[in-house]
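Asks: Protein chains in written order, with my numbering: chain A, 1 to 274; chain B, 1 to 443.
Worth flagging that the hints you see were computed from the coordinates, not collected in a lab. C-beta atoms are modelled at their ideal positions from N, C-alpha and C, and glycine is treated no differently. Heads up, a few of these hints could be off.
Said to hold, decoys possible - Stretch by stretch, here's where chain B covers chain A in the computed footprint (C-beta under 8 Å, at least three residues):
no., stretch
1, 170 to 182
2, 241 to 255
Claimed, not checked - Partial pick of chain B residues on the chain A-facing surface, computed with a CB cut under 10 Å:
no., residue
3, Gln264
4, Met266
5, Arg272
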Amino acid sequence: MFMNAILLLLYIAAGVAYAVQFARRSFAVSRTATVLLVLAAIAHTFVIGMETMRVGHVPSATATSAIVMFVWLLALSYLYVELTTGERSMGVFILLLLIALQTIPAFSAGLNEPRSAILESPWFAVHVSSLLFAYASFALAGVLGITYVLQFKEIKAKALGFFYERLPSLNMLDEMNLRAVKIGWLFLTAGLISGGIWASQLPSSGVPNASMSMADPKIFVALLCWAVYSFELYAQRAIGWRGRRAAWLSAVGFAIVLLNFVPVSYFFTTSHNF
Amino acid sequence: MQLLLVGVSHRTAPIELRERLDFSARGVDRALTALSGSGAHHEATIVSTCNRVELYVGCDDVDAARLAIQRFLSEFHGIPGDQLGPHLYSKTGPEAVTHLYRVAAGLDSLVMGEPQILGQVKDAFGVASQLGCTGPLLNKLFHSAFAAGKRVRSETGLAEGAVSVSYAAVELARKIFGNLAGRTVLVVGAGEMGKLTAIHMQSQGIDRLIITSRTAAHATALAQSIGGSAMPWDALNRALVEADILITATGASAPIISRALVGQTMKARRQRPLFIIDIAVPRDVDASAGDLEQVFLYNVDDLQAVVQENISKRGSEAADAEKIITQEVARFIGWLNSRGAVPTIVALRHRFEAIRQSELRRLEPKLASLPPEARARVDEITRLIMEKLLINPTEQLKSAPDPDTVAAYSDALRRLFGLSGDETPDETLTTAGPTRTAKKPAP
Numbered sequence: 001m002f003m004n005a006i007l008l009l010l011y012i013a014a015g016v017a018y019a020v021q022f023a024r025r026s027f028a029v030s031r032t033a034t035v036l037l038v039l040a041a042i043a044h045t046f047v048i049g050m051e052t053m054r055v056g057h058v059p060s061a062t063a064t065s066a067i068v069m070f071v072w073l074l075a076l077s078y079l080y081v082e083l084t085t086g087e088r089s090m091g092v093f094i095l096l097l098l099i100a101l102q103t104i105p106a107f108s109a110g111l112n113e114p115r116s117a118i119l120e121s122p123w124f125a126v127h128v129s130s131l132l133f134a135y136a137s138f139a140l141a142g143v144l145g146i147t148y149v150l151q152f153k154e155i156k157a158k159a160l161g162f163f164y165e166r167l168p169s170l171n172m173l174d175e176m177n178l179r180a181v182k183i184g185w186l187f188l189t190a191g192l193i194s195g196g197i198w199a200s201q202l203p204s205s206g207v208p209n210a211s212m213s214m215a216d217p218k219i220f221v222a223l224l225c226w227a228v229y230s231f232e233l234y235a236q237r238a239i240g241w242r243g244r245r246a247a248w249l250s251a252v253g254f255a256i257v258l259l260n261f262v263p264v265s266y267f268f269t270t271s272h273n274f
Numbered sequence: 001m002q003l004l005l006v007g008v009s010h011r012t013a014p015i016e017l018r019e020r021l022d023f024s025a026r027g028v029d030r031a032l033t034a035l036s037g038s039g040a041h042h043e044a045t046i047v048s049t050c051n052r053v054e055l056y057v058g059c060d061d062v063d064a065a066r067l068a069i070q071r072f073l074s075e076f077h078g079i080p081g082d083q084l085g086p087h088l089y090s091k092t093g094p095e096a097v098t099h100l101y102r103v104a105a106g107l108d109s110l111v112m113g114e115p116q117i118l119g120q121v122k123d124a125f126g127v128a129s130q131l132g133c134t135g136p137l138l139n140k141l142f143h144s145a146f147a148a149g150k151r152v153r154s155e156t157g158l159a160e161g162a163v164s165v166s167y168a169a170v171e172l173a174r175k176i177f178g179n180l181a182g183r184t185v186l187v188v189g190a191g192e193m194g195k196l197t198a199i200h201m202q203s204q205g206i207d208r209l210i211i212t213s214r215t216a217a218h219a220t221a222l223a224q225s226i227g228g229s230a231m232p233w234d235a236l237n238r239a240l241v242e243a244d245i246l247i248t249a250t251g252a253s254a255p256i257i258s259r260a261l262v263g264q265t266m267k268a269r270r271q272r273p274l275f276i277i278d279i280a281v282p283r284d285v286d287a288s289a290g291d292l293e294q295v296f297l298y299n300v301d302d303l304q305a306v307v308q309e310n311i312s313k314r315g316s317e318a319a320d321a322e323k324i325i326t327q328e329v330a331r332f333i334g335w336l337n338s339r340g341a342v343p344t345i346v347a348l349r350h351r352f353e354a355i356r357q358s359e360l361r362r363l364e365p366k367l368a369s370l371p372p373e374a375r376a377r378v379d380e381i382t383r384l385i386m387e388k389l390l391i392n393p394t395e396q397l398k399s400a401p402d403p404d405t406v407a408a409y410s411d412a413l414r415r416l417f418g419l420s421g422d423e424t425p426d427e428t429l430t431t432a433g434p435t436r437t438a439k440k441p442a443p
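Generate coordinates for the entire structure from the input sequences, incorporating the hints supplied.
Replies: If you want it as structure tokens, here you go:
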């Protein structure tokens, strides 16, 4: 879709700026990078607003439009973290993810957002927005986890180099990772519960083919995610799995989220478009 | 006015001579007062550190001022001129500007990129400016030097990376823990290196400093001298659980902290990260303890390697820093040249305005019949024509690339428009002044 292609270009521009500022550590470029990302996020907000007006609900009922929403939420969440902590070194990793995901809607035919009575349910809105927000948090946690591991490896191997000079302290990465996982876990839990309530109301709504199956891979993988992040939070408290182990769990957890997001949504799901 | 620098540094003079020349012992303010007695210059600043003594002056006659400064240095410090002479360097104009900028950026320092020098230059300028020894030339020069130094620091890695073992340890601690506030540091052994590292850690605002040693008296003495708490040797295991950073510096001949002990400790600490700095030779901590999850073990060789790496990195950043210096010097020289053009521009304006006024006066009888608004209009139009005519020559003069061009342009304008020297103000600054038109009287 045309608008999504433009958004992709904006994210690519911001991504290039973040890459340059990461490599060169130039203050002037880092300001440009933030400005470009803010512009992209504003444009994105505008596109989503237009689409909402057109279809009458927040467009997130198809896999593609869910990705558009997710990219938007992740960009906003990242900007929030950057502006509150002043830490830009994660930007290049987040932008890579944003660009990769935004490529999908940019090259798909159209959103074909269905107008349907069952999508007007408030439970649907809560379900989808909670999950998308949870996934955005997990994306941040995943990137924090990966950067933690990069930084950890250099310090542990006593080979202080590229990442050592650019990334923040291990402690900060660890704490931000756990905070992101906690927030994500809360929203994931809320999203799963509201999804269950919404699904239980479907048979009585009179819409045909609206039943949900627990055997759907989408739901199964979502529950798997919940298990991984629950374990991460538990292990961190109970057996001191902080630092590198928590970082790995965040990275793995986010890999599962991505799996659920792209291949499962497009190829495997039976009853659950998104 | 011209810029002159006379000085010695670690590059030209041995430490004995630099020590004798150091002004800080007897006071830079006294030296400045004594120096201005010579009357050979209008502005002066003395930069005096343990590695350099440099005098920056704004003067009219460079040769006279250079002689006066040499005489002053040898009289003030009681060093015969022939001993001093061979070690002195002197630079003028753009070369002097470049030198100061390189000094401020740390490019001329013994340890390249060391950060103290910028503060020292700032202090030196502060003293001179408080005594009223600086003027338009040095004010602008030093402020641009500070800006150049700042740019180098923020845009290159010249000042990055620790270049001493104890500071490298602090930097690593900050990469592991972030802010060191609220952290506990345990020092095992009361040696000099342990003390130095502990002091560095303390300056980072750590919460607690615990010191333990086989000889309790040593621990107590060190704790008293640097402000920490001593702990008996047999409480070591308990202290290990509390510490975030462990510094070992004992004289023991075999490791005193085994992998098993660190392993136990990590369990008791619930895997909170532990940074171990083993600066003892031979080592105090079993090297395999570094394999434990969340244990970061650095010995003195590891830290030395970090320092070496940083020093060579700084060297490779120098080229970028020099580029910034070149840009900033060009900017300053541009300002200086445009200042040199000011008298000509002012004279030209006066000339034009005088012609306009005299023409208006001559036409007064004819204009008298016009209504007041129309007369105001005539005044306005003639003024605008004059401004338009002046724009281009003004711009050209101000943006001339070098003092010689400024001089040639000024000379041409003076001849073409019959400008006399009397109309110029007294504030003339040029980098090299073959065409100085006005001299500022000595203050």
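Asks: Now look at each hint and say whether the structure bears it out.
Replies: Status of each hint after checking the structure:
no.	hint	result
1	170 to 182	holds (count 3)
2	241 to 255	holds (count 5)
3	Gln264	violated (14 Å)
4	Met266	holds (8 Å)
5	Arg272	holds (8 Å)
Of the hints listed earlier, the one the structure fails to meet is number 3.
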